[in-house]
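J.: Please model the entire structure based on the sequences and the hints provided.
Chains as they are written, first to last, in the numbering used here: chain C, 363 to 669; chain L, 2 to 316.
Please keep in mind that the hints were generated in silico from the structure rather than gathered at the bench.
Heads up, some of the hints might be wrong.
Partner residues are not named here, just some residues of chain L that face chain C (Cβ under 7 angstroms, in silico) [unchecked claim]: (1) V96; (2) L100; (3) V158; (4) T272.
Just a sample of chain L residues kept apart from chain C, beta carbon distances all over 10 angstroms, derived [stated by the list, open to error]: (5) A37; (6) S71; (7) A276.
Just so you have them, the derived chain C footprint on chain L, three or more residues with Cβ under 8 angstroms [unchecked claim]: (8) 14–20; (9) 52–65; (10) 176–183; (11) 252–264.
Virtual Cβ for every residue (Gly too), placed ideally from N, Cα, C.
For reference, the chains in residue letters:
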Amino acid sequence: MSNKTDAQDLAFQGLREKVPWHKAALRAVLRNPNMLIGIVFISLVVTLALLCPLLIKLGILRDPFVFDPLNRLLPPGRSEEGDLFLFGTGPLGRDIFSMVIYGSRISLVVGLSVAILAAVIGSAIGIIAGYFSRLDDIVMRFMDGIMAIPGILLAIVLMAILGPKLENVIFALTVVDAPRTSRIVRSVVLTIRESQYVDAANAFGASKTRILLRHIAPNTFAPVIVQATFLFASAILSEASLSFLGAGVPPDIPTWGNIIGEGRIYFIGNSNIVILPSLGLFFLALAVNMFGDGLRDSLDPKLRGKT
Amino acid sequence: MQRYILKRLLAAIPTMAIVGVVVFSIIHLAPGDPAAIMAGEDADYEQVEAMRESMGLLDPIPVQFWRFVSGVAQGDLGESIFSGHKVSALILDRVEPTLSLALLSLSLSILISIPAGVLAAWKMNSVFDRVVMILALTGYAVPYFALGYVIIFLLAVQVEWFPAGGYIYLSEDFWGYLHHLLLPSFVLGFAGSALITRMTRATMLEVLKEDYVRTARSKGLGETIVLLRHAFRNAANPVLTVIGFSIAGFISGVVITETVFAIPGMGRLITESIAQRDFQIIQSTILVVALIYVLVNLTIDILYVFVDPRIRYDS
Numbered sequence: 363m364s365n366k367t368d369a370q371d372l373a374f375q376g377l378r379e380k381v382p383w384h385k386a387a388l389r390a391v392l393r394n395p396n397m398l399i400g401i402v403f404i405s406l407v408v409t410l411a412l413l414c415p416l417l418i419k420l421g422i423l424r425d426p427f428v429f430d431p432l433n434r435l436l437p438p439g440r441s442e443e444g445d446l447f448l449f450g451t452g453p454l455g456r457d458i459f460s461m462v463i464y465g466s467r468i469s470l471v472v473g474l475s476v477a478i479l480a481a482v483i484g485s486a487i488g489i490i491a492g493y494f495s496r497l498d499d500i501v502m503r504f505m506d507g508i509m510a511i512p513g514i515l516l517a518i519v520l521m522a523i524l525g526p527k528l529e530n531v532i533f534a535l536t537v538v539d540a541p542r543t544s545r546i547v548r549s550v551v552l553t554i555r556e557s558q559y560v561d562a563a564n565a566f567g568a569s570k571t572r573i574l575l576r577h578i579a580p581n582t583f584a585p586v587i588v589q590a591t592f593l594f595a596s597a598i599l600s601e602a603s604l605s606f607l608g609a610g611v612p613p614d615i616p617t618w619g620n621i622i623g624e625g626r627i628y629f630i631g632n633s634n635i636v637i638l639p640s641l642g643l644f645f646l647a648l649a650v651n652m653f654g655d656g657l658r659d660s661l662d663p664k665l666r667g668k669t
Numbered sequence: 002m003q004r005y006i007l008k009r010l011l012a013a014i015p016t017m018a019i020v021g022v023v024v025f026s027i028i029h030l031a032p033g034d035p036a037a038i039m040a041g042e043d044a045d046y047e048q049v050e051a052m053r054e055s056m057g058l059l060d061p062i063p064v065q066f067w068r069f070v071s072g073v074a075q076g077d078l079g080e081s082i083f084s085g086h087k088v089s090a091l092i093l094d095r096v097e098p099t100l101s102l103a104l105l106s107l108s109l110s111i112l113i114s115i116p117a118g119v120l121a122a123w124k125m126n127s128v129f130d131r132v133v134m135i136l137a138l139t140g141y142a143v144p145y146f147a148l149g150y151v152i153i154f155l156l157a158v159q160v161e162w163f164p165a166g167g168y169i170y171l172s173e174d175f176w177g178y179l180h181h182l183l184l185p186s187f188v189l190g191f192a193g194s195a196l197i198t199r200m201t202r203a204t205m206l207e208v209l210k211e212d213y214v215r216t217a218r219s220k221g222l223g224e225t226i227v228l229l230r231h232a233f234r235n236a237a238n239p240v241l242t243v244i245g246f247s248i249a250g251f252i253s254g255v256v257i258t259e260t261v262f263a264i265p266g267m268g269r270l271i272t273e274s275i276a277q278r279d280f281q282i283i284q285s286t287i288l289v290v291a292l293i294y295v296l297v298n299l300t301i302d303i304l305y306v307f308v309d310p311r312i313r314y315d316s
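T.: Next comes the structure, spelled out in C-alpha cells:
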C-alpha cells in the first residue's frame, strides 16, 4: 500500500478536504489582517457597550445622564477638584467619556437592528420579485420610487412624521435600506432561476415553495450577509446624521450624533466634544467596513478587490 | 437612438408617480392638523373648519391627490403652512447654493477619484496604490459633519484661509462665491470619491489584463495613450454607473454639509421646515429633489450610449 495521506487521496479524487466551518472561518480571518483588525475593534466596542451599565453601577464610569452645571465645558483631564474627566465635559456638565461609551450602545443597537431587518425584508422582497416575474415589474418600480428619494431625506421625513424615538429611527432606516438590498437579491435570483439545478428541481416536480426555499434562498445568503455588514456601517453613520440634524433619538439620550449636535456651537473652544465622538463613529464604521470587505473576499473570491 | 431615449423617459414616469404617491402620503400621515396650524393658535373650531374647507382638506383623497398632481405639473407646489409664501418661490431661492455645492463637490470628487483610481490600478500594490486604497476605505467611514468640523477647525479657525461658513451668491461676487464653497465642496467631494475611486481601480485592473491592452503596448504606444484611450474608455461605463449611484449620496451629504457650513440651500430649507412642522414645504422639496435625482440618472443612462457604443439601445 502506498503511504499517501488523506489529503493527497482527496486531491487525487479531485475532492477538497472537508474542513469544519469554524476552522475555515478562523483560517479566513487569519489570512486577512484587515478583517482581523475589524473584528478586534468591533469586539472591543461591543464588550465596553455591554459592560457599560455595570461600570456605571460600580462607579468606574460617571452616569451619562447626570447634569453637573459646576463642571460644564471642561477640557479633557483633571478638574480643579482633581476629578478625572478623560474626554472633558459637555455643555451640561455631563462626562463626555461615559457619554461616548453609552452612545456606542445606541449605535450598535441601531446598526444591528437595521442590518438584520433590512437584510431580511429586502431579501424577501428581492426573492419574490426575482422569482415571480409577474410581480417583478410592480414591486421593483415601487422600490425604484423609494430609492429615488435620497436616503437621509426620506429618513428625516419619516422621523418628522413618527416622532423622535429609537424604534422609529430603526424603522426609518430600514425603509431606506431594504429596497437597496432587494435589488441586489433580485439580480442574484434572476441568475439562479435560470440555472440547471433549478431546471432539474422543476423537472422532478418540486413545488414553487420548495424551489424558493431550498434552492434559491440559500444561494442568496452570501451576498446578503456581505451587504448586511455594509448596511450596519451606513446605519451607524445615518443614525448619527439624523441625531445631528435633530431628527433622531430624543436629544437628551447620549448618542454619538446627539453629543456632536449638542457640542457643535462650542466647537471653537471645546473641539473635544465634537471630535471625540466623531472618532468613535469613524473607527467603528471603518472597522465594520474592513470586516465586511474581508467577509466578501472569503465568501466570494471572484469579487476580491471589487467595490 | 431616439427610441432608446424615449424608452428611458417613459420608464422614469412610473418611478416619479411612485415618488408622488409616497410624498403625497406624507402630508396625510403627518401628525398634527395642517389646518389648525395655519389657522393659528387661538382659532376656534369654526375657524379651523373654514381653513380646512379653504385648503381643500375636506375633499375625498383621490380628488386631493389629483389636485396635487395637476398643481405640480403646472409648477404650483402650494403654500407654506407656516409663512404662507409660495413654496415654489421658496425652493427657487434655495436652488443656487444647493446646486453649486452639489456640482462643485461632484466635479471635485471626479477630478480626485478617476486619476487616483487609474493610477492606483496602473501601479498596483505600489505605495501610491496602498495610500489611495486606505484613503478610499476611510472615505466610506468618515461622517460628513465630523470631517466638516475638523476642516473648519484647521483651515478656517487655526489658519483663517477660508471662511468658516456662510454663502455668497454668484451674482454678487464670483471669487467670494468660490471661496465660500471650496471647503464644503472638498468635504463632500472627499467622502464621495471613495466609492468612485474603488470602482475605477477595480474596473481598470480588469481591463488592463485584456489582450488589446497588451497588443497596444506591444505596438509601442505610449503608456498614457494605452491607459487613456485603450483602457479607461473601456472602464468608463461601470464608473459612470457608480457616479450615478453616488448622486443620491451627494444629495444626502448636501443636507448635512449645508447645516455644518450654514449654507442657505434646499437641505437647510428641509431641516428648518421640519423644526416648524411645515409639511407642505417638506413634501414639495422632497419631490423636487427626487425629480432632480431621476433626471440625473436618466442623463447618465443616455450618456452610456455615447461612452460605450456597444450598448444595444434597441433592446
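J.: Would you mind marking each hint as holding or not holding in the structure?
T.: Hints, one by one, checked against the model:
1. V96: 16 angstroms, violated
2. L100: 14 angstroms, violated
3. V158: Because about 6 angstroms separates L:V158 from the closest Cβ in chain C, which is inside the 7 angstroms limit, the hint holds.
4. T272: At about 5 angstroms, which falls below the 7 angstroms cut-off, the nearest Cβ of chain C leaves the hint on L:T272 intact, so it holds.
5. A37: 16 angstroms, holds
6. S71: L:S71 clear of chain C: closest Cβ-Cβ about 20 angstroms, beyond 10 angstroms.
7. A276: 7 angstroms, violated
8. 14–20: Since three or more residues must qualify, the claim that chain C covers the region 14–20 of chain L holds, with 6 doing so at under 8 angstroms.
9. 52–65: As far as the region 52–65 of chain L goes, the hint is violated, because 0 residues have Cβ atoms under 8 angstroms from chain C.
10. 176–183: violated (count 0)
11. 252–264: holds (count 6)
In the structure shown, a violation is registered for the earlier hints numbered 1, 2, 7, 9, 10, in ascending order.
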